[in-house]
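**Student:** Each chain, letter by letter, is given below.
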Amino acid sequence: MQKWREKMDIIETKKVIQKTSNVCVRESKGKGRGVFAVRNIPGKSCIEVCPILVLSPKDRKWIEKTKLYNYDFEWGRDKKKAAIALGCGSLYNHSDDPNAEWIGDAKTGTMTFYSLRAIKKDEEITFNYNGYGSKEPVWFKTKSKSKIK
Amino acid sequence: MVQDKVKKQDKMIKVYIKDTLDKGRGVFAAKDIKKGDIIEICPLIVLPEKDDPYIEKSNLSAYWLRWGEDGKKIAIMLGFGSIYNHAYKPNSELCEDFEKDVITFIALQDIAKDEEITYNYYAGYDDPMEPVELIKDPKSENPEWFFLHPKK
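In the order they appear, the protein sequences are chains B and R.
For the first sequence, this note's numbering begins at 1 and goes up steadily by one.
For the second sequence, this note's numbering begins at 150 and goes up steadily by one.
Be a bit skeptical, because a hint or two may be false.
[As the list claims (entries may be wrong)] Cross-link-like lysine to any residue pairs, in silico, SDA-like; alpha carbons within 20 Å at most:
1) R/K249 <-> B/G32
2) B/K58 <-> R/A211
3) B/K65 <-> R/R215
4) R/K238 <-> R/G173
Please keep in mind that the hints were generated in silico from the structure rather than gathered at the bench.
In isolation and in its complexed conformation, chain R is listed as follows (with noise of 0.2 Å):
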């Protein structure tokens, strides 16, 4: 019995941290996954607004997510959270849950054991309601604000 719930514990973990060739770490699909399937939940660290100008001047401004109803809040996802790369097309998007503070992720597609998981870091951000200068133009050269590794 205790085995078979053991079993059941491990059957939950989708997912596994590895080197990309050319992007630093990558979350990878431990098993085969199915569309609409639960990823990964993860728990996160919420800050207040204030905390917002000292975390935008460090490394941390890369990880970073808006929180809550009014997107005032800091999020730093923990879990595997903040190693998933970006795509814009993803094969996964992320599930807000402002009242028990957690992200799920949740697949969009069918994904193959080994394949890298992605989603789409400006999702949300055709918003009427965000910042102009946030929405980018993904035709331009360079339109993410982390490092870009050069096209071969």
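Pulled out of the complex, with its shape left as it was, chain B reads as follows (with noise of 0.2 Å):
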């Protein structure tokens, strides 16, 4: 009966995810596509919830030999799994100073963006493809900011 029960309630959680308004895809200067804040988004606030595809750790070996390796994310409790984030999520540019964060919920397979501060109209929003704080560099070479401008 318990066992029942418990089923039930995963069902349950297992949500409505609502489309929001609060980005948009658009042209980042010399990054290609960038997801970009729509309205102000105040601080410590939900930005987007992006449902997500998981791919076993077997799949993940063959993802990660093809242009998709930019792309995944490491899921589970392992971290052997992994997520293509659907959404804008996939979209999001890495920045060592970011303004925004991801926390995942395998419950009801979905990955949250949230602000870390506030976020002005039209500012990109970015988070740091090695966790939040890492200082260590990423796998891709990063244009420096005069090569930009």
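Put the complex together from the two separate chains, hints included.
**Tutor:** Structure follows, in structure tokens:
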């Protein structure tokens, strides 16, 4: 009976994913596409809830041989699985000084992006690909600021 | 003024994701949609031709679609694009833009609020240029390449 109850709980918590009108996709100078704020977003608030596609560790090995390597997120408790974020989730750019961060929810199969500080309208939204606070270099070439200008 | 703009943005959102009874996740109408209206504009991740065999081997093989004028590239739909379910009598269709790399979902008929939105995964596959094995008979027992819930 209890097991059944637990199952029911999981079904009930599989909530509806609403689309947000907080963000839009635009060209970001020198970085391809990027995600920008459509309105002022207050600090520590939800920017977007993204549905995800979960890939098994086996699938991840195949995916990492493709261009999707640049897009997948580590997923699962042991970080062996991979997730592809839908919504605008795959299009956020990297920054060492980010204004957003993400948190995963395995139960609902979603990733939630939330703001670390207040974000102004038309500002680009970025997060640190290596995890918040990390100073490690990223795996792709970043253009220096002078080059972009 | 600002509030008006925000309301306008909210008006553009026409879909939400919810679990269907038998098909996993699905995309539903958040409001009444009229025939010919744009439902959603999805950005894409476009992959080169050489990635094809690797994608085919993974779970993602159920989500990709052919892309480009010659259909050799691979695209994965972002937004809610990858979540839409299949139907042979769909209520929406895809409009592909190879230049901007976006896919637009357009309503084929009036869609009521909370109705599920579907499109035909095989649309365009009756094109003579497509390989024969991709054309599947809708009357056969399990024409889809993905798992179908048994009929009761």
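**Student:** All the hints need checking, so say for each whether the structure fits it.
**Tutor:** Hint by hint, here is what the structure shows:
no. : hint              : verdict
1   : R/K249 <-> B/G32  : holds (12 Å)
2   : B/K58 <-> R/A211  : holds (16 Å)
3   : B/K65 <-> R/R215  : holds (19 Å)
4   : R/K238 <-> R/G173 : holds (19 Å)
Hint compliance for this structure: no hint is broken.
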